[in-house]
Amino acid sequence: GQSLEQPSEVTAVEGAIVQINCTYQTSGFYGLSWYQQHDGGAPTFLSYNALDGLEETGRFSSFLSRSDSYGYLLLQELQMKDSASYFCAVKDQAGTALIFGKGTTLSVSS
Amino acid sequence: DAGVIQSPRHEVTEMGQEVTLRCKPISGHDYLFWYRQTMMRGLELLIYFNNNVPIDDSGMPEDRFSAKMPNASFSTLKIQPSEPRDSAVYFCASTPASGSRNEQFFGPGTRLTVL
Numbered sequence: 001g002q003s004l005e006q007p008s009e010v011t012a013v014e015g016a017i018v019q020i021n022c023t024y025q026t027s028g029f030y031g032l033s034w035y036q037q038h039d040g041g042a043p044t045f046l047s048y049n050a051l052d053g054l055e056e057t058g059r060f061s062s063f064l065s066r067s068d069s070y071g072y073l074l075l076q077e078l079q080m081k082d083s084a085s086y087f088c089a090v091k092d093q094a095g096t097a098l099i100f101g102k103g104t105t106l107s108v109s110s
Numbered sequence: 001d002a003g004v005i006q007s008p009r010h011e012v013t014e015m016g017q018e019v020t021l022r023c024k025p026i027s028g029h030d031y032l033f034w035y036r037q038t039m040m041r042g043l044e045l046l047i048y049f050n051n052n053v054p055i056d057d058s059g060m061p062e063d064r065f066s067a068k069m070p071n072a073s074f075s076t077l078k079i080q081p082s083e084p085r086d087s088a089v090y091f092c093a094s095t096p097a098s099g100s101r102n103e104q105f106f107g108p109g110t111r112l113t114v115l
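Chains as they are written, first to last, in the working numbering: chain A, 1 to 110; chain B, 1 to 115.
No wet-lab data here; the hints were simulated from the structure. For glycine and all other residues, C-beta sits at the position ideal for the given N, C-alpha and C. Warning: the hint list may mix true and false statements.
Not close to chain B: a few residues of chain A, all C-beta gaps over 10 Å, as computed [as the list claims (entries may be wrong)]: (1) E9; (2) V18; (3) Q19; (4) F45; (5) S67; (6) L98.
Facing chain A, according to a computed beta carbon distance under 7 Å, are these residues of chain B, among others [what the hints assert, rightly or not]: (7) I26; (8) F65; (9) F74.
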């Protein structure tokens with residue numbers, strides 16, 4: 001089956017850079033996704049990596065190494081509004097539904 | 001588009017009662033997913049549909065849980081009878097078949113409390 005590991009909590013200060021790692025084990029691989037969820041809100045899509053390398057979207061970047069079954073989300077110039085939970089996700093064995101990691105709670109302080 | 005719509009947003013019920021959660025996916029999306037989120041278990045996939053047909057219900061925890069999608073615009077998740085351990089936030093999500101970014105669009109969720 002599919003499983004993912006990511007740290008449970010990360011803390012940082014405004015303006016800093018933080019990296020959230022994710023390792024996965026899958027039967028079949030269809031890419032690694034990242035979602036953000038603010039407290040009380042719904043998960044929202046951040047990024048998707050199907051191939052090795054870095055994808056950049058504004059202050060957020062996501063990296064994938066398929067040979068290492070590893071990826072990370074990089075958040076730069078942290079702002080208070082970035083305080084949220086971040087989930088990595090892979091598709092199920094059928095390549096359709098998402099299987100989520102347990103999430104990393106990021107706390108940004110001033 | 002209004003996005004994925006879920007109702008009710010909050011539901012408080014007593015153990016043993018029937019609970020029905022509702023979802024309207026984004027128009028034109030072919031897939032609909034039901035997830036449950038708790039602190040202990042995280043975000044779990046319960047069941048998903050493709051063109052109104054249930055494809056994988058292996059995540060449905062017990063026979064007390066059932067889901068239907070009678071048409072492309074509506075799905076329900078029913079719990080009968082409900083138990084306190086069913087307390088969670090239930091999310092519905094949809095995605096188009098042609099999407100290339102693995103992006104699922106989530107509704108706001110239904111926070112269920114079973115007393």
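Going through the hints against the structure:
Every Cβ of chain B is farther than 10 Å from the Cβ of E9 (chain A); the closest lies at roughly 13 Å, confirming the non-interface assignment. Against the 10 Å criterion, V18 (chain A) stays outside the reach of chain B, whose nearest CB is about 21 Å from its own CB. For Q19 (chain A), the shortest C-beta to C-beta distance to chain B comes to about 21 Å, beyond the 10 Å cut-off, and the non-interface label holds. The non-interface label for F45 (chain A) is inconsistent with chain B: the shortest C-beta to C-beta separation is roughly 4 Å, within 10 Å.
Non-interface status of S67 (chain A) relative to chain B is upheld: no Cβ of that chain comes within 10 Å, the nearest being about 20 Å off. Not every CB of chain B lies more than 10 Å from the CB of L98 (chain A), the least distance being 6 Å, so the non-interface label is violated. Look at I26 (chain B): its Cβ only gets to about 13 Å from chain A, farther than 7 Å, so that hint breaks. For F65 (chain B), the interface hint is violated, since its Cβ never comes within 7 Å of a Cβ in chain A; the closest pair sits about 16 Å apart.
The criterion of a C-beta within 7 Å of any C-beta in chain A is not met by F74 (chain B), whose closest approach is roughly 19 Å, and the hint is violated.
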